[in-house]
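Engineer: One letter stands for each residue in the lines below.
2 protein chains.
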Amino acid sequence: MYNDVINKRLASLRSAMKAAGIDYYLFVTADYHSSEYVSDFFKAREYFSGFNGSNGDLLVWKDGAALWTDGRYFLQAGMQLEGTGIELMKMAMPGVPTVEEFLEKSMLPGETLSFDGRCIPLGRGKELEDVCKAVDKKACLDAENPDKTSIKLADLADGVWTERPALPANKVWLLTKEDTGESVAERLKRVREEMDKKGCDELVLSSLDDIAWLLLLRGADIEFNPVALSYAVVKKDSVDLYINEDIVSGEVKNTLSKDGVCFKPYNDIYGDLRADSDKDITFMIDPKRVSYSIYKELTGEGKKAKTVECRCPITLMKACKTEVEIDSERKAHIIDGVAVTKLLYRLYKLKNDPAFKSGEKKVTELEVADELLKLRQAGEGFLDQSFAPIIATAEHGAIIHYEPDEKSNAEIKKDAFLLMDTGGQYKTGTTDITRTVMMGEASEEEKKLYTAVLCGNLRLANAIFPEGTSGQNLDVLARSELWRRGLDYRHGTGHGVGFLLNVHEGPQNINLKGAAGKLTETFKEGMITSDEPGVYLDGEFGIRLENMMVCLKAEKLVKNGKSFEFTGREEGYAKEYGPFYGFETITMVPFDKTSIDKSLMTIEDIELLNEYHAKVYKQIAPFLDEEEKVWLKEETAAL
Amino acid sequence: MYNDVINKRLASLRSAMKAAGIDYYLFVTADYHSSEYVSDFFKAREYFSGFNGSNGDLLVWKDGAALWTDGRYFLQAGMQLEGTGIELMKMAMPGVPTVEEFLEKSMLPGETLSFDGRCIPLGRGKELEDVCKAVDKKACLDAENPDKTSIKLADLADGVWTERPALPANKVWLLTKEDTGESVAERLKRVREEMDKKGCDELVLSSLDDIAWLLLLRGADIEFNPVALSYAVVKKDSVDLYINEDIVSGEVKNTLSKDGVCFKPYNDIYGDLRADSDKDITFMIDPKRVSYSIYKELTGEGKKAKTVECRCPITLMKACKTEVEIDSERKAHIIDGVAVTKLLYRLYKLKNDPAFKSGEKKVTELEVADELLKLRQAGEGFLDQSFAPIIATAEHGAIIHYEPDEKSNAEIKKDAFLLMDTGGQYKTGTTDITRTVMMGEASEEEKKLYTAVLCGNLRLANAIFPEGTSGQNLDVLARSELWRRGLDYRHGTGHGVGFLLNVHEGPQNINLKGAAGKLTETFKEGMITSDEPGVYLDGEFGIRLENMMVCLKAEKLVKNGKSFEFTGREEGYAKEYGPFYGFETITMVPFDKTSIDKSLMTIEDIELLNEYHAKVYKQIAPFLDEEEKVWLKEETAAL
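The listed protein sequences correspond, in order, to chains A and B. Taking this note's numbering, the leading residue of the first sequence gets 15, the next gets one more, and so forth. Taking this note's numbering, the leading residue of the second sequence gets 15, the next gets one more, and so forth.
Quick caveat, the hints were computed from the structure, so don't treat them as lab data. Treat the hints with caution; some may be incorrect.
The list makes no distinction among identical chains, and a pair is therefore deemed to hold if it is satisfied within one copy or across any two copies.
What the hints assert, rightly or not - The calculated lysine-lysine pairs, modelled on BS3-like cross-linking and capped at a C-alpha distance of 25 Å, are:
| # | residue 1 | residue 2 |
| --- | --- | --- |
| 1 | K57 | K302 |
| 2 | K212 | K152 |
| 3 | K147 | K211 |
| 4 | K427 | K375 |
| 5 | K249 | K318 |
| 6 | K567 | K320 |
| 7 | K318 | K278 |
| 8 | K151 | K318 |
| 9 | K567 | K589 |
| 10 | K365 | K267 |
| 11 | K302 | K267 |
Same shape as in the complex, but just chain A (with noise of 0.2 Å):
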């Protein structure tokens, strides 16, 4: 089946190549902000390849061209690149390179490397450059030889890409210090700080959720992340901030120049950096969040501008939301697991009734994920969902991240799995649960996986953990169970959570093998981070089980119903190797009872889940009708 479109617009930008004497061009999955989700403008590498998964990288050169995304996209990467001829490059598989493997290989020397310098991160943009270097020194090339390998930073896309979408231009807001508990000031007074320690005068911010966790700012530029395309430079007394000025009003701008906000153009950053970085200023850079060009505006011969490459510091304060911001995220969690709560009520009704036994009476994953998002779009403050909701029935379970479209769309199976990975924006806060319920009778195998699953879920949750731990050396909580089943799941267990932000953020997470091999950062009071094992049986169902956790103190958690305390001489001790975290879970929905096999249980495991359902009851019960309450209490009873 030959792809005809995918394969005009190949030769089209193979053209465009030619003419600019570019031998390969390689299109991320970014915009100029290293967002996770990207607007329509940014999606040159779906228009190219036809792939539309969150994550891939096209290479395209002469003839031929390859795609590289993750383990969650492989099945669907696999059918949307069906006659493109693209290749499928499965990533972290064995024998499969990586993109600058298959360039240091492929790339021959005076060849040119091409690709938007803004879309790619520093450290990328530098590891590319090595494959270049690595290529020249293979052929014995050295820094003068004019046949030198080069990169060529271009957007071939514009000319190329017909009908491109524009760039969002959505209006601001802006939070109070009611909202967070922190004030602008404070949060500039506390950047300045570290960017004081480091002996930097100004810090280079792109990433748009640190941009609006400095300024309480929120917009609406990217799907999903209420956050605005701009960039920031932090100095000592004020902070530009490059943004479209029509979507900032009067009043937000007023607020905003209080604290020292200069408003720029969007676009004029990139200029602005080559004008400074002739003067002498020490920049602070991340080389995670900003781009290789706003890298290369600042640095190269001749410049009078330092760098300092670092972590951005707002990325750890952005991380450990304040106590104002907990609270709020409470709050966010039980409007949503009313709406939540509520769908699965509707759920076992449908279930139970012989219209929808009889295959009478149908309803598809798409007709339940309107109605979840019309139930939270009843709750107070709600502003979006958190990212594109997952409705998958029976066999699509078994895609990690699948999500039904009007062509995958599905009759919800009855006896079967129905599994819900959904979240919301509130105004309150992030939410992201996921609930997997059987939509009938589930089998003994089948109630024997989703125990696994859910026992990995609670253990996790119960840890009590000292300062220094990381998500890797938690990981194996949430996994024991399935390990011992023959089973895994080719994901991590758990992300940050933005506060009314990214619904994914960094710098803490919770998987195997850490960052790259690197432990990543350990557990601070604040953290919110998700809790979601799985099980995904290709063809059959998929399983996964997700709460929000909060990390705090060991002696603020409340367990059993009482405070966690270290009693007698446990807290002369927990004084010594402490301080002591756990984890708070903040997801207020039951688990689907009828799915659990008891039996494979501990005593420790029934009593947590017994706990936390007794908490949800309390919590949600208020907020439902009579019908609603009765059936949750059963839910909820004690196993």
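Starting from the structure of chain A, add chain B where the hints point.
Structural biologist: Below, chain B without anything else, positioned relative to chain A:
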């Protein structure tokens, strides 16, 4: 109290420094091979400072001297340095500079730093080079400046230390393929394949256990480690072995010659490498294993030879024991288990002896150590202890690296824990075991803590995990029960152990933080690792429980008397997500049931203990007399 002896030695050293134009001289704690233990010849730091702990750097300059050591030795060093004028630098304490930081601050341009480059690993030597560069940079000196700071490699102890002990020279002996399952030729083949992969012609080996592993060679030059002082250079068709010929019998020489081993005088390696560095040879060196002197012989301006710095391929090969070695280790652990179990029986009788209870009968720590040594010596193939025995009564147990000596030797206290961390070298393998027993009645709290340590030990040993799992992922299994009680221990949970080699061996280990923030080597089949959680209450007691475990494919494990298997569909999952691994505990000695509070264990913990104890009885009882057997039956009866 003026220490005349040390001051005189330092004065002689300073004269020698002056004569040689040396401003700072650094002694480190190492031999030429980065061995963990060093022979007396290498104890120059002790000779010139009086401090005899196992870790310490001594820096001497014109009018001062300072000694760096770690937390284990602050007290001891403080006492031993009294009257020497040597300042104690407490490593890792706030405000205390490292040796390198101290030098960078103190040295002036044009001054000369000196040390014996054969005793300093490559990496550290480069750091010291960096110090000199930093000093010059601060003074704005360039490379051409004659007043540049410099490094001079010299062994100043050589002339000054009169009556320096000779280098050890003990006979070597050979293992055979029957002992290891692999011949020298087969090992050389594997090593040469790895050299080929990296385009290397020769591999320089300096670690004594690497050489011992490769050539099936064993010696007795390092206390507790059955290795011989030697270097080796593996070439394409031959191996140059630099070793004192006096310790090699004609028979050994003959046997090894057949595998292409050429014998050269121990000290000739430096000259030979210097000569070869002018040839077109690519050397493989491990920056963590070879000395700075070796590195300097091979590299530098004008040298024709190239070096590839990478982890020595033997590191991983040596860690993954062959099936023959594993089986041999099982035997060693039964022999060792019989000795330790017999000791436990004697301690059982002692604690019930009215004369001991009344205080009339006294037994000291050193007497227990002696008794255990005698029991071990009676075991088949016993060669030596594998490290200095830790026999620690009551509060001595809280000193993690306590070793009883004539001065500290205490009487075994009744109604107190006795911690015993000991090990043996047998012809069949290396052991390392810790048991803590209550010499009377355990209090409720003592039982609580003993049980928490025991549960940690059992749970870690019971893990099932997929390929790609590191020790950082599993560590929590041993610690979480302690964390819950506000406790932790300030040491790793597990270290690799050699096969009839060093009791501490890389590259895998089990700890929370990895090595410099990186996850350590993932578990592979055949790795032998210790499992040794503990609790230490300063001034009161210590509890540590240590078994050795061998990593095996899950399917090879025996659980509850039958082979572990993934049954039914799990077999299919395990193919997709595996291979899965687990541990077989090979240490065979009962735990102290009188110290256990069963009510604090889960049903699963109790099952694991009962299963282990049943196996201990089965393996050990045949070698006991009737009285011991009756006791062991009771001691290992199901809880």
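Engineer: What are the numbers of the hints the structure violates, in ascending order?
Structural biologist: 6, 10 and 11
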